[in-house]
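There are 2 protein chains.
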Amino acid sequence: MPSSTVENYLKRIYLEQQAEPAGEIVSMKSLAGAMGVTPGTATSMARSLADSRLVAYEPYGGVKLTARGRTLALRVLRRHRLIESFLVDALGLDWSEVHDEAESLEHAISDKLLDRIDEFLGFPSVDPHGDPIPTAAGEVRQAALTALTEVEEGAEVRIARVLDQDEKFLRFVDRHMLRPGTRARVLAHDHAAEAVTLQSGKLPAVTMGRTAAAKIMVELIRG
Amino acid sequence: MPSSTVENYLKRIYLEQQAEPAGEIVSMKSLAGAMGVTPGTATSMARSLADSRLVAYEPYGGVKLTARGRTLALRVLRRHRLIESFLVDALGLDWSEVHDEAESLEHAISDKLLDRIDEFLGFPSVDPHGDPIPTAAGEVRQAALTALTEVEEGAEVRIARVLDQDEKFLRFVDRHMLRPGTRARVLAHDHAAEAVTLQSGKLPAVTMGRTAAAKIMVELIRG
DNA sequence: TAATATATTTTGATTAGTCAAAAATCCCTG
DNA sequence: CAGGGATTTTTGACTAATCAAAATATATTA
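From first to last, the protein sequence lines are chains H and S. At position 94 of the first sequence the residue is numbered 94 (our numbering), and the sequence of numbers has no breaks. At position 149 of the second sequence the residue is numbered 1149 (our numbering), and the sequence of numbers has no breaks.
What the hints contain is simulated information worked out from the structure, not anything from laboratory work. Bear in mind the structure is a predicted one, so any value in this text is a computation, not a measurement. Built from N, CA and C at the ideal position, the CB exists for glycine as well. Some hints here could point you the wrong way.
As the list claims (entries may be wrong) - Ranges between beta-carbon positions, derived for each pair:
(1) Leu15(H) to Ser1052(S): 34 to 44 Å
(2) Asp1166(S) to Ser4(H): 21 to 31 Å
(3) Ala147(H) to Ser1003(S): 57 to 67 Å
(4) Lys168(H) to Glu1058(S): 46 to 56 Å
(5) Gly1138(S) to Arg158(H): 47 to 57 Å
(6) Ser1003(S) to Phe169(H): 26 to 36 Å
(7) Glu139(H) to Glu1139(S): 48 to 58 Å
What the hints assert, rightly or not - Mimicking DSS-like on lysine-lysine, the simulated pairs with C-alpha atoms at most 27 Å apart in a straight line are:
(8) Lys215(H) to Lys168(H)
(9) Lys112(H) to Lys1029(S)
(10) Lys1064(S) to Lys112(H)
(11) Lys1112(S) to Lys168(H)
Make the full structure from the sequences, and use the hints.
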C-alpha cells in the first residue's frame, strides 16, 4: 500500500493537473512548490512514482498521473472530502478549520470507517466547500459551474464552490454570507479596478478583487 | 513532536509496565515482542528514547518511562480510548472492531478535534472495553476492580472491564452478554478444571478457563 | 562455579524521504 | 542561433526505522 507521502504526492499532482490544464502536465517546479520540497526531491519522487506506474514521467518532461495514479489520487481526495464533511456535519466544526485535520486523517482512516461515514452523511456528492466527492469507484461527478468573474452584471447566482482552503479566505467568505448554497446577486464588474461587487441576503454589498472572485464558483439562477 | 513510532513505543511500554509490575521495568524481549520488531531494534529505540528523556534505560537493565514519557504515553492512550468510544457511540461500530482503527487514528487526530469528541461524548471516564480514559492533564482515574477469578461463588457482579482487545475474544464476550455494564452471577469455580462458570441475563450459563476469566474485571454488587 | 541457555547489544546494511549544492539541460530572447 | 536565465537532474549526505546475524553479557542449572 502507498505511504502517506506517496498519497500526498498523487493528490497534489491531481490537483495541479486540474489547476493548470496545459496538457495536464505538472512541472517539477510546481510539484516541488505544491509539496513544499526542493526540486531535487520532486524529481526523485517523480522517478519513484514512475517506477510504481503511478505517473508517466520523462526527464525534463514533467509528470502526469496514469490511470492507476489517478484512481489512487481520487481515493485520497474522497477520504479527504468525506472527512471534512463529517467534521462539519457531525461534530459541528467550522468549515474553515477542517482542512488541516482532514489532511492528516485522510491517511489513517480505513475503508470500512469511511463507508460508515459516507452512509451516515447520506452519500453526499460535495463537501462543505462545494468540492465534489469522488465515488468509491473513482469517478468525479462535477456540475458545470461558472466563475464569479464570468457572470454578467445583475445576474442572480447560487454559490456552489469555493476553490481555496485558506482559513482567512474562508472566513472572509463566511463574513459576507457567501458559503456554498447561498444566493447572491452580482451588482457590478469594475474592469478597470479588476473588482466584482456582489450582495447576499440582507448584508451590505461587498467588493472583491478578480483573483478572489475567480475562486468563487456559482450556478446561474437567472442570467 | 514525537513520531507515531515513538508514540507507539511509549504506549506499549506503558501498557507493559502495567501488565508486569515486576519493578515496572520492561525488558527488551517483551518490548520487542509487543512491538513486533527484532530485539536489536528494541535496543536501539530504547537508547533513542532515553536520549529524548522519555525513558530511563541502562544497558541490560530494561526500560522504564520517565514522567515525561508517561505523560506522552497517557496522551496517546487518551486519544486511543476516546476514539474507540466515539466510533462505537457516534457511528455505531462494534466494540470488537474499533481497536485497529483507533490504533491508526490516534496518531493523526488533533487536540482540538479530540476535545470536541470528548465533549460530544459527555466526557466519559471509560471506553467501551471499560478501560479508563486518561484526563487531558494526564491522570488515570481507575476504579478498584476484581478479576473474575477472584470472585466468590454465588456473587453477583457487574462486568466492568475486558482486558483484551482481540476481536475473537470480544465476540465471545458479546455472545454471552458479558459486556461492561451488564450484571452476571458467578455460579462456580472449578479449581481442578481451572474454570469459572457464570451466567448473565436469561442466557444459559457459560464456563470459561482461568486465563479467559482473568481478563474480565468486575465490580461486586453483593459478595 | 563452570557450562549452557537466554537475553541483549553491536555491526553492517537497507529503504524512504529529505536537503544543499553542483552539473546538466532546456528554452526564450535578442 | 547563441547566450543566459530558468528549470531540472545528479550527487553526496543525512535521519528514522528497520532487519539479520555476529558478538557479548547475564542468568540458570547442573
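Each hint tested on the structure:
{"no.": "1", "hint": "Leu15(H) to Ser1052(S): 34 to 44 Å", "in the structure": "36 Å, holds"}
{"no.": "2", "hint": "Asp1166(S) to Ser4(H): 21 to 31 Å", "in the structure": "27 Å, holds"}
{"no.": "3", "hint": "Ala147(H) to Ser1003(S): 57 to 67 Å", "in the structure": "42 Å, violated"}
{"no.": "4", "hint": "Lys168(H) to Glu1058(S): 46 to 56 Å", "in the structure": "51 Å, holds"}
{"no.": "5", "hint": "Gly1138(S) to Arg158(H): 47 to 57 Å", "in the structure": "49 Å, holds"}
{"no.": "6", "hint": "Ser1003(S) to Phe169(H): 26 to 36 Å", "in the structure": "32 Å, holds"}
{"no.": "7", "hint": "Glu139(H) to Glu1139(S): 48 to 58 Å", "in the structure": "49 Å, holds"}
{"no.": "8", "hint": "Lys215(H) to Lys168(H)", "in the structure": "13 Å, holds"}
{"no.": "9", "hint": "Lys112(H) to Lys1029(S)", "in the structure": "34 Å, violated"}
{"no.": "10", "hint": "Lys1064(S) to Lys112(H)", "in the structure": "37 Å, violated"}
{"no.": "11", "hint": "Lys1112(S) to Lys168(H)", "in the structure": "18 Å, holds"}
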